[in-house]
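There are 2 protein chains.
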Amino acid sequence: MFSKDIYVSRRQQLQGTVKSGILLFPGNGNVGMNCRDNWFHFRQDSTFLYYTGINQPDLYFLIDIDNDKEILFGNDLTPEDMVWVGAADPLQVFADKAGIQEVRPLKELASYLKTASGKGQKVHYLPPYRAQTTVEISEMLDIPTQEVANQKSVDFIKAVVAQRSYKSDIELSEITKAVDITADMHIHAIKNVKVGRTEKEIAAELEAIASSKGSSISFPIILTKDGQYLHNHATSAVLNEGDLVLVDCGAETLMNYAGDMTRTMPAGERFTDLQKEVYNIVLDAHESSIAALKPGVLFKDVHELAASRLVEGLKGMGLMKGNTEDAVQAGAHTLFFQCGLGHMMGMDVHDMENLGEEYVGYTETLKKNPAFGFRSLRLGRALEERFVITVEPGLYFNPFLIDKWKAEGKYTDFVNYDAVEKFKTFGGIRVEEDLLITKDGSQILGKPVAKTVADVEELKNS
Amino acid sequence: MFSKDIYVSRRQQLQGTVKSGILLFPGNGNVGMNCRDNWFHFRQDSTFLYYTGINQPDLYFLIDIDNDKEILFGNDLTPEDMVWVGAADPLQVFADKAGIQEVRPLKELASYLKTASGKGQKVHYLPPYRAQTTVEISEMLDIPTQEVANQKSVDFIKAVVAQRSYKSDIELSEITKAVDITADMHIHAIKNVKVGRTEKEIAAELEAIASSKGSSISFPIILTKDGQYLHNHATSAVLNEGDLVLVDCGAETLMNYAGDMTRTMPAGERFTDLQKEVYNIVLDAHESSIAALKPGVLFKDVHELAASRLVEGLKGMGLMKGNTEDAVQAGAHTLFFQCGLGHMMGMDVHDMENLGEEYVGYTETLKKNPAFGFRSLRLGRALEERFVITVEPGLYFNPFLIDKWKAEGKYTDFVNYDAVEKFKTFGGIRVEEDLLITKDGSQILGKPVAKTVADVEELKNS
Ligand SMILES: [Mn+2]
Ligand SMILES: [Mn+2]
Numbered sequence: 001m002f003s004k005d006i007y008v009s010r011r012q013q014l015q016g017t018v019k020s021g022i023l024l025f026p027g028n029g030n031v032g033m034n035c036r037d038n039w040f041h042f043r044q045d046s047t048f049l050y051y052t053g054i055n056q057p058d059l060y061f062l063i064d065i066d067n068d069k070e071i072l073f074g075n076d077l078t079p080e081d082m083v084w085v086g087a088a089d090p091l092q093v094f095a096d097k098a099g100i101q102e103v104r105p106l107k108e109l110a111s112y113l114k115t116a117s118g119k120g121q122k123v124h125y126l127p128p129y130r131a132q133t134t135v136e137i138s139e140m141l142d143i144p145t146q147e148v149a150n151q152k153s154v155d156f157i158k159a160v161v162a163q164r165s166y167k168s169d170i171e172l173s174e175i176t177k178a179v180d181i182t183a184d185m186h187i188h189a190i191k192n193v194k195v196g197r198t199e200k201e202i203a204a205e206l207e208a209i210a211s212s213k214g215s216s217i218s219f220p221i222i223l224t225k226d227g228q229y230l231h232n233h234a235t236s237a238v239l240n241e242g243d244l245v246l247v248d249c250g251a252e253t254l255m256n257y258a259g260d261m262t263r264t265m266p267a268g269e270r271f272t273d274l275q276k277e278v279y280n281i282v283l284d285a286h287e288s289s290i291a292a293l294k295p296g297v298l299f300k301d302v303h304e305l306a307a308s309r310l311v312e313g314l315k316g317m318g319l320m321k322g323n324t325e326d327a328v329q330a331g332a333h334t335l336f337f338q339c340g341l342g343h344m345m346g347m348d349v350h351d352m353e354n355l356g357e358e359y360v361g362y363t364e365t366l367k368k369n370p371a372f373g374f375r376s377l378r379l380g381r382a383l384e385e386r387f388v389i390t391v392e393p394g395l396y397f398n399p400f401l402i403d404k405w406k407a408e409g410k411y412t413d414f415v416n417y418d419a420v421e422k423f424k425t426f427g428g429i430r431v432e433e434d435l436l437i438t439k440d441g442s443q444i445l446g447k448p449v450a451k452t453v454a455d456v457e458e459l460k461n462s
Numbered sequence: 001m002f003s004k005d006i007y008v009s010r011r012q013q014l015q016g017t018v019k020s021g022i023l024l025f026p027g028n029g030n031v032g033m034n035c036r037d038n039w040f041h042f043r044q045d046s047t048f049l050y051y052t053g054i055n056q057p058d059l060y061f062l063i064d065i066d067n068d069k070e071i072l073f074g075n076d077l078t079p080e081d082m083v084w085v086g087a088a089d090p091l092q093v094f095a096d097k098a099g100i101q102e103v104r105p106l107k108e109l110a111s112y113l114k115t116a117s118g119k120g121q122k123v124h125y126l127p128p129y130r131a132q133t134t135v136e137i138s139e140m141l142d143i144p145t146q147e148v149a150n151q152k153s154v155d156f157i158k159a160v161v162a163q164r165s166y167k168s169d170i171e172l173s174e175i176t177k178a179v180d181i182t183a184d185m186h187i188h189a190i191k192n193v194k195v196g197r198t199e200k201e202i203a204a205e206l207e208a209i210a211s212s213k214g215s216s217i218s219f220p221i222i223l224t225k226d227g228q229y230l231h232n233h234a235t236s237a238v239l240n241e242g243d244l245v246l247v248d249c250g251a252e253t254l255m256n257y258a259g260d261m262t263r264t265m266p267a268g269e270r271f272t273d274l275q276k277e278v279y280n281i282v283l284d285a286h287e288s289s290i291a292a293l294k295p296g297v298l299f300k301d302v303h304e305l306a307a308s309r310l311v312e313g314l315k316g317m318g319l320m321k322g323n324t325e326d327a328v329q330a331g332a333h334t335l336f337f338q339c340g341l342g343h344m345m346g347m348d349v350h351d352m353e354n355l356g357e358e359y360v361g362y363t364e365t366l367k368k369n370p371a372f373g374f375r376s377l378r379l380g381r382a383l384e385e386r387f388v389i390t391v392e393p394g395l396y397f398n399p400f401l402i403d404k405w406k407a408e409g410k411y412t413d414f415v416n417y418d419a420v421e422k423f424k425t426f427g428g429i430r431v432e433e434d435l436l437i438t439k440d441g442s443q444i445l446g447k448p449v450a451k452t453v454a455d456v457e458e459l460k461n462s
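Protein chains in written order, with UniProt numbering: chain V, 1 to 462; chain A, 1 to 462.
Wrong hints could be hidden among the right ones.
To be verified - Okay, derived cross-link-like pairs now, DSSO-like style, lysine-lysine, Cα gap no bigger than 27 Å in a straight line:
| no. | chain 1 | residue 1 | chain 2 | residue 2 |
| --- | --- | --- | --- | --- |
| 1 | V | Lys191 | A | Lys191 |
| 2 | A | Lys294 | V | Lys152 |
| 3 | A | Lys294 | A | Lys368 |
| 4 | A | Lys152 | V | Lys107 |
If you're looking for bench data, these hints aren't it; they were derived computationally from the structure.
Make the full structure from the sequences, and use the hints.
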């Protein structure tokens with residue numbers, strides 16, 4: 001945990017923003033894999049952690065703003081529990097460390113909320129992402145399960161986003177730790193991706209680095225020779241000479257801050273000339289985007305800049321044609337770059353994803369473009385100092401999309417489908433870094449990892 | 001998947017047992033860690049796999065016994081989905097491989113069930129262990145979430161247990177694969193548990209072996225110098241000279257069969273004399289139990305045999321006293337052996353745990369003993385040929401329990417508390433193997449792993 005005053009002042013600021021009602025923070029429980037008691041690893045809810053720092057399952061916390069009370073609800077371990085899991089501090093000890101005065105048994109929560117609702121107090125909660133939380137809110141507040149998400153508190157969401165978006169120094173130090181472990185994973189990947197090995201074998205080694213140095217991975221590892229499929233995971237596939245391997249992975253620290261980087265490398269010793277050419281287009285888009293980052297700039301505009309750089313490069317290779325800006329505005333680049341340029345990062349790899357992109361990445365006046373490609377851009381709003389974001393342009397030669405759009409005659413003004421045809425087995429390339437927005441620009445976080453063709457090849461064969 | 005006829009005949013047998021109504025099989029979905037779309041690794045429901053073999057998320061299967069229909073409900077990937085996850089076979093292909101005739105969109109399931117219920121058909125379902133399944137059943141069958149578990153079908157449970165308890169040859173071959181990978185994990189542990197390393201580092205390496213050779217771990221790895229706490233997981237604690245390290249872990253194969261073994265080893269090069277002495281008591285109980293296994297024997301009796309051997313050994317060390325059988329019947333051994341001797345193992349590490357111990361491990365006439373210690377024995381019933389079980393006796397010197405029972409004056413006829421006092425920092429020892437019950441005895445599954453003091457020390461220092 002951070003020091004007590006951090007949690008206390010975060011909560012004070014939150015109360016000051018929402019002003020009235022009860023703020024309900026459901027902590028996460030354990031989730032059964034194939035039986036109730038055979039658990040996935042425990043992951044506390046990020047907002048619960050942000051305001052309390054308590055990394056224990058089966059708790060609820062509430063702030064009763066109207067009555068100026070903060071209460072942690074949960075059950076202490078019984079002596080019988082300690083036979084199984086060993087000693088644990090009573091909840092009061094955790095509460096003290098978080099500056100929370102009062103602890104009550106979990107079974108008193110429902111009646112506390114019922115009494116409060118009966119008196120006309122509004123119970124604010126964030127949109128649940130675990131079904132267990134939906135069930136509990138439904139039962140305690142007497143809301144049908146189908147209605148629970150709809151009755152989320154937008155005021156609460158906005159107040160949380162207004163705090164968690166800006167990373168404090170101590171958070172930046174945690175994020176940097178996460179990115180450093182993430183860098184170690186990538187250095188291991190570049191050295192150990194080899195012809196004859198399976199994707200899964202190498203992914204397992206990367207996960208071991210994350211688990212031994214931090215708490216775990218921050219998201220399921222993408223390690224694939226089919227990088228053209230954006231969220232393809234590691235399989236039993238064996239790597240062959242000529243394969244391009246895309247590795248997108250991140251570590252989470254013991255304090256649950258995330259890293260998220262991507263590198264793309266040849267399975268064999270060297271990139272082919274064609275791979276180098278495409279790689280350098282992606283790297284140019286990556287570097288141009290980073291150069292454009294500073295407070296006040298719309299990230300949507302940086303996304304479009306990246307798209308323009310990619311189109312320019314593809315035109316140079318004869319895969320695209322026509323006016324670059326027209327191509328981007330029409331969305332023709334989305335044949336090769338179907339996703340967003342980046343996202344916020346913090347305690348969640350897609351930070352605050354559970355609170356809704358419309359509140360985190362967009363504003364009342366800047367709404368998300370619903371067109372294909374653009375709708376996958378999670379962050380469009382103006383950047384501000386202390387935001388931490390990723391920049392991750394890529395080129396993805398997806399054979400299904402190529403065949404489909406060719407058959408539909410889509411974007412024929414901008415795409416040379418005949419030239420594209422031979423790229424249907426090329427794969428995908430992405431290069432991703434984590435960055436802090438500074439007063440007048442940005443700063444790449446964490447220790448450096450080989451990024452140019454020459455550096456990747458050198459590290460690979462070192 | 002196994003061959004189609006296996007799934008077809010399993011379902012025929014099941015229909016023949018339950019005889020009427022609709023059998024509903026909810027497949028598992030993905031579960032969000034900290035956001036809806038940042039998933040834990042996908043684990044299909046074991047019963048769904050057993051009867052269909054289909055290892056894909058977000059499906060339901062049903063057998064309408066009264067109308068002789070089998071229907072798989074789910075949604076095919078859209079071309080947009082394939083941008084993200086690549087090509088996938090349509091559901092009809094999976095259904096064909098499972099011998100299922102009909103595939104319908106998921107949205108038609110609720111009305112199918114409503115119509116059937118309206119006509120008076122009973123909808124049988126197994127007790128859900130994921131909240132998402134509870135929500136879905138609640139919404140589709142119009143049962144309050146609090147009531148969903150209560151309205152489970154006992155007929156359905158018993159029919160499933162009557163099949164899954166007996167492992168076929170092809171299942172035994174999968175379980176053996178799982179135990180072989182598990183053995184590799186233990187061999188790695190014995191060689192790599194070393195003074196100065198952290199528990200987490202080594203646990204991460206074991207998990208990497210499971211993930212690279214199979215699908216994953218079959219349960220969260222226990223790797224701890226505090227083996228006296230039964231379900232303690234790996235922490236950042238550093239191993240020191242003199243520590244005993246208890247490693248309980250297992251792999252799951254790509255077909256989702258589990259292994260589950262335990263070894264206990266010194267952090268340093270050798271066991272101390274005292275550690276050897278206690279180790280050999282546990283090993284004697286382990287071997288005596290295995291020698292007693294055969295069809296017809298109550299596993300409850302084997303558990304008591306193990307307890308007797310432990311008491312004999314502890315008497316030899318001066319920690320216990322009095323008549324051995326009286327001590328076991330009184331439960332005095334539970335100060336040192338608080339859990340059960342073993343459990344069924346198959347697709348779940350505690351096989352069919354989600355269906356309820358009363359149906360899996362006990363019978364109408366043999367009910368579980370609710371006393372401390374005995375109530376943690378998941379399996380009490382008579383063994384039968386083709387059961388796969390674990391045998392895992394242990395001695396656990398839990399300081400809380402020792403202090404508590406000493407203060408309460410509990411079992412003073414059988415326990416020499418003064419002698420026990422110096423064991424409060426000893427730790428815990430467990431030795432576990434996976435076994436098949438054969439026609440006239442049992443057979444240890446998988447490749448051998450060092451088990452005697454001499455063999456463990458030799459492997460450690462090899
Ligand atoms: Mn990213
Ligand atoms: Mn076991």
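Verification of the hints:
1. Lys191/V - Lys191/A: It holds: about 25 Å lies between the C-alpha atoms, which stays within 27 Å.
2. Lys294/A - Lys152/V: Violated - the C-alpha atoms of Lys152/V and Lys294/A are around 58 Å apart, more than 27 Å.
3. Lys294/A - Lys368/A: With a Cα-Cα distance of about 21 Å, the restraint between Lys294/A and Lys368/A holds, given a limit of 27 Å.
4. Lys152/A - Lys107/V: Judged against 27 Å, a Cα distance of about 25 Å means the pair holds.
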